[in-house]
Amino acid sequence: MIAAIIQARMGSTRLPGKVLKKIEDKTVLEHIYDRVKASENIDRIIIATTTNPEDDKIEDLCKEHCFSCFRGDQDNVLKRYYETAKKFRVDTIVRITADDPLKEPRVIDKAILKLLSGNYSYVSNTIKPTYPEGIDVEVFTFESLEKAFNQAKLQSEKEHVTPYIWKHPELFNIYNIENDRDLSSLRWTLDSEDDLIFIKEIYRYLYKKDTIFHIEEVLKLLKEKPSLIEINQNHIRNEGYLKSVNEENKIGKK
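So that you can map any letter, position 80 of the sequence shown is 80 in the working numbering, and since no number is skipped, the others follow by simple counting.
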């Protein structure tokens with residue numbers, strides 16, 4: 001079974017409760033679910049949240065909309081993924097984070113098909129990023145996830161799920177999907193108030209109920225209204241992971 005596992009929690013340093021923020025008529029998490037559901041190759045979507053009481057709200061939303069939900073470790077997200085995949089007997093995992101409400105189903109499908117068509121254990125578009133931040137996708141086998149779960153030692157590897165895999169190409173057969181042009185400077189993720197303003201603007205112009213707009217339409221809009229790009233450009237790509245690594249380096253020097 002191919003399943004998208006969407007990691008979601010209410011806690012966030014820069015934008016608490018962001019997964020349940022409203023954009024147009026739905027929450028961020030609902031929009032992400034709808035966009036992932038538009039993939040032609042995913043059999044099931046599972047929301048993986050934490051056992052923290054503040055995440056009861058996420059479970060309540062899942063019950064309201066009949067979304068599959070699993071609750072696990074708050075900080076060891078790798079463990080949460082492993083336990084989710086094991087419980088639901090997932091063979092191929094599509095990792096989705098609940099802070100990317102512009103996820104592109106066509107890119108998700110491209111990654112899934114690449115994994116299935118070759119002898120790959122991990123396929124992503126993040127090792128050498130060429131897509132906007134927020135269009136990230138990672139697809140990997142259960143065997144790869146299990147190996148990472150059993151062997152990862154660093155907290156950054158446990159918090160961010162896949163670093164152990166992509167840092168060890170000698171252990172895993174890895175493939176990176178590249179876009180036909182480099183759009184990696186664009187920021188389409190949700191991690192701060194200015195990100196939320198940007199994404200609300202995109203949805204205001206492009207969103208129609210029961211319809212999925214695609215990356216090409218967003219690019220066209222940004223070409224017509226370039227001022228939108230400036231709303232949230234004052235950020236470094238992959239801030240969360242870099243912060244985790246820096247903290248580990250500080251501890252290592254003590």
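Simulated from the structure, these hints should not be mistaken for lab results. Glycine included, each C-beta is placed from N, C-alpha and C at the ideal position. Accuracy of the hints is not assured; some may be wrong.
Beta-carbon label-pair distances, calculated as ranges [what the hints assert, rightly or not]:
| hint | residue 1 | residue 2 | range |
| --- | --- | --- | --- |
| 1 | R106 | N173 | 21 to 29 Å |
| 2 | E170 | T130 | 33 to 41 Å |
| 3 | S68 | L113 | 37 to 45 Å |
| 4 | L171 | L113 | 22 to 30 Å |
| 5 | R106 | N234 | 28 to 36 Å |
| 6 | E178 | K209 | 13 to 21 Å |
Pairwise beta carbon distance, R106 to N173, judged against the given window 21 to 29 Å: 24 Å, holds
Holds or violated: 13 to 21 Å for the Cβ distance of E178 and K209? Because 33 Å falls outside the window, the suggested range is violated.
Should the hint that R106 and N234 are 28 to 36 Å apart at their CB atoms be regarded as holding? 29 Å, holds
Consistency of beta-carbon spacing, L113 to L171, with hint 22 to 30 Å: 23 Å, holds
Does the Cβ pair E170, T130 satisfy 33 to 41 Å? With a Cβ separation near 24 Å, E170 and T130 fall outside 33 to 41 Å, so the hint is violated.
Quick check: does the Cβ-Cβ distance between S68 and L113 fall within 37 to 45 Å? Cβ of S68 to Cβ of L113: about 23 Å, so the range 37 to 45 Å is violated.
Of the hints listed earlier, those the structure fails to meet are numbers 2, 3, 6, in rising order.
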